[in-house]
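**Student:** Just need the whole structure built from these sequences, with the hints factored in.
Chains as they are written, first to last, in my numbering: chain A, 30 to 323; chain B, 144 to 671.
It should be emphasised that the hints constitute simulated quantities derived from the structure, not laboratory data. Glycine included, each C-beta is placed from N, C-alpha and C at the ideal position. There is no bait here: all hints are sound.
List time: in silico DSS-like cross-link candidates among lysine-lysine, alpha-carbon distance up to 27 Å:
1) A:K140 - A:K203
2) A:K139 - B:K412
3) B:K412 - A:K140
Here are some chain B residues the structure puts well away from chain A; computed CB gaps all over 10 Å:
4) L158
5) L205
6) L231
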Amino acid sequence: MPAAISTEGLVKSFGQTFALDGLDLTVRTGEVHGFLGPNGAGKTTTIRILLGMTRADEGTARVLDGDPWSDATDLHRRLAYVPGDVTLWPNLSGGEAIDLLGRMRGGIDKKRKAELLERFDLDPRKKARAYSKGNRQKVALVAALASDVELLLLDEPTSGLDPLMEEVFREVVKETGRTVLLSSHILSEVEALCDRVTIIRAGRAVESGTLSELRHLTRTSIQAELVGPMNGLAQLAGVHDLKETEGRVQFDVDTDEINTVLRRLTEIGVRSLVSQPPSLEELFLRLYEPEAVQ
Amino acid sequence: MKSLAGTGGLIRLILRRDRIILPLWIVLLVAISVSYVKEYGDLFPTPDSRIKYASNAGFITLYGELSGPSLGEFVTWRLGFVPVMVGLISLLTVIRHTRVEEETGRRELLGATVIGRHAQLAAALITVFGANLTLGVLLALGMHSQDLPLAGSVAIGIVYAGTGWFFAAVGAVAAQLTASAGTARGIAIGVLGGAYVLRAAGDTSAHTDGPLAWLSYLSPIAWAQRIHPYAENRWWLGALMLVATIALTTTAVVLATRRDIGAGLLPDKLGPADGTLGSPLALAWRLHRGLLAAWTVGFALLGLLFGGVAKGVGDMMKDDPTIQEMFQRMGGSAGLIDSFLAGVMTLVGLIASAYAVQATLRLRVEESSGRAEPVLATATSRWQWAASHLVFSLLGPAVALLAAGVAEGLAYGVAIGDVGGQLPRLIGAALAQLPAVWVLAAIAIAIFGFFPQASMISWAGPAVCILIGLVSAGVATAGWIRNISPFTHLPSLPGGTVSAGPLITLLAIAVVVGFAGLVGLRRRDLPA
Ligand SMILES: Nc1ncnc2c1ncn2[C@@H]1O[C@H](COP(=O)(O)OP(=O)(O)O)[C@@H](O)[C@H]1O
Ligand SMILES: [Mg+2]
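**Tutor:** Structure follows, in structure tokens:
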């Protein structure tokens with residue numbers, strides 16, 4: 030089966046700033062794909078290119094085996110989009126906006142709409158101007174999730190939701206069984222929902238893979254009290270940020286290299302050892318840092 | 144005073160956001176006003192010519208009564224419409240910096256910082272009051288520099304500033320009443336329009352010794368006017384404007400205290416849980432219908448007003464060569480009344496082009512507010528989306544012009560007992576404005592298509608045409624300048640002859656320019 034979304038070398042600049050700088054992204058059919066990156070990394074720009082709203086300067090993009098720019102209208106019948114910053118027509122009620130967007134997409138499942146309204150605890154009779162940011166986001170979410178589409182493009186869809194509603198969102202996405210591209214900067218959300226993840230920084234994908242593949246990129250942090258001198262420890266592959274104070278060492282080690290490093294430690298002789306398990310959190314923070322992009 | 148915390152910062156923010164538009168309208172209105180002194184001094188050098196020019200019913204309806212024949216009084220009278228514009232700009236500015244901020248949620252963002260609950264209102268009012276004060280001072284200096292007496296110059300400054308203050312405060316009250324900026328604007332403009340109509344009706348009635356002269360006393364526009372600069376200089380009327388402004392401002396503050404941020408005093412009704420809207424056109428109808436209704440009613444009133452005074456104007460113009468000449472330059476031809484009606488039609492057409500541009504710019508409003516995005520992410524193509532709005536920017540003015548033509552035809556027809564003859568003539572004359580209106584709409588489409596960030600420049604179209612229309616009505620103007628305006632190329636109706644050539648050319652320009660704009664829209668990033 031072809032990928033639901035694939036891009037190669039996408040470049041997009043706005044004047045001097047490069048929003049995208051050679052982005053590769055592949056979303057397989059049926060998976061929930063996390064699209065993680067700090068603010069301004071280029072997530073929204075990517076999604077807008079996938080929607081045919083913005084035209085890339087260079088590179089190729091395919092969505093549901095079509096060209097997002099020239100086949101936009103046809104593709105839009107098969108996908109639904111939730112923008113990161115939902116604005117609605119102040120005079121329309123939430124229910125009217127949901128039905129309008131659903132019908133313009135080609136139809137809406139009434140039963141599903143009612144169910145989602147219930148679960149998201151949203152009063153559809155209120156005028157849009159009376160909604161908070163979170164409630165406007167719920168309107169867009171209900172409109173998207175109640176449509177019968179193959180692909181969902183969600184751009185930071187939970188940024189205005191309270192924790193309770195975020196939990197509802199996670200349940201609903203888990204149930205959909207559709208292909209989902211979920212842009213986010215919240216790690217726990219991605220960990221809970223996604224099969225695969227792409228991490229984007231400064232317009233470029235810095236890592237991509239399943240969560241367990243990514244775990245290999247994590248580092249275990251180790252504190253040890255050594256018997257002998259720590260000769261050559263710092264030079265070992267995979268050892269980072271080594272600090273030494275009076276026979277105690279503290280360092281991070283790449284999960285892949287942990288075996289070699291432990292062997293070296295026992296050669297020196299270990300009096301005590303504390304190891305902290307790898308966390309994705311740290312990996313992301315590390316990838317978010319500017320020097321992560323060479 | 145905690146409720147005012149942060150006002151200073153907000154004032155700076157407003158000044159920054161309006162750093163171009165605010166000085167622009169102040170300088171422009173002062174410059175135009177001051178330029179009238181020499182222009183009208185040259186055109187009407189003698190008191191007799193001035194009194195004669197000012198004493199026709201049409202002008203009295205538009206500008207009010209002339210207080211006396213000195214140059215200062217005459218120029219003040221002829222500028223009678225400018226304070227109304229000052230009022231309009233003031234109320235719009237106040238609403239833009241209060242209710243619009245709340246509706247878009249920017250206020251909420253700021254509200255979380257250390258900003259008091261009345262700071263936004265205070266900042267908007269202080270800025271607009273200050274702008275009006277600056278306008279008044281500059282005007283007084285400008286007028287005095289033209290060798291007009293100092294006291295009168297100060298008084299006309301007070302007329303402008305006082306009107307601006309009063310309607311800024313009206314805007315502030317309206318902004319508290321409803322949660323929708325559109326409705327707030329409607330209420331405030333309604334008050335302004337009402338004040339103008341009261342003055343027009345009262346003054347017209349007074350001129351013809353009718354029973355309704357007292358209506359003027361109800362109109363704050365008439366209060367300001369009757370300060371009578373360069374004549375009595377009635378300072379106490381200026382004080383009255385100030386007191387009224389303070390009263391309204393207090394009302395606005397009290398109302399603001401009684402409501403939540405984002406909410407209005409008039410309750411927001413619940414809407415339906417399920418919608419019937421299902422297409423871009425249905426949505427556009429929903430978004431445009433209020434505007435269409437307002438413009439149509441406004442145009443019908445204009446038609447009634449002009450149709451109603453036409454006969455009287457005609458009777459008066461019979462022995463006034465200056466005004467005959469003026470209406471002929473504005474596009475009139477043979478018959479006097481026809482030339483008056485044709486001049487009026489041009490004016491109505493010019494106003495209709497402002498509606499056309501406003502309706503076209505709804506596209507940009509939808510785009511920059513982010514509301515276009517979810518629509519365009521559905522199966523709606525860009526052209527369908529644009530077309531759904533353009534239906535209203537092209538046909539909306541047609542409906543409004545039709546209303547003006549019908550109303551004018553009925554009013555004038557009844558006055559001279561020839562409804563059957565006048566109605567079709569004036570409907571035709573009104574609709575004949577459309578090709579020029581569409582050209583300006585097409586220019587707006589093209590700017591939106593190619594230079595979306597510069598969309599607001601589209602307003603220059605109607606503005607330039609209105610300026611050319613006003614200037615060339617007053618003084619002889621070079622042909623090439625007049626030819627810039629598409630309205631110059633319209634047949635002078637009723638009464639003139641119609642040749643197809645210019646009309647077809649205008650339509651062709653509209654089609655080509657508008658279509659090019661749509662191509663630009665199809666090719667660019669959206670939102671941009
Ligand atoms: N229309 C635009 N004009 C100018 N710069 C833009 C525009 N859209 C995005 N950018 C810039 O491109 C970069 C990527 O933005 P965006 O895609 O919105 O990031 P993200 O969604 O990951 O936060 C940012 O630096 C942003 O400022
Ligand atoms: Mg974003």
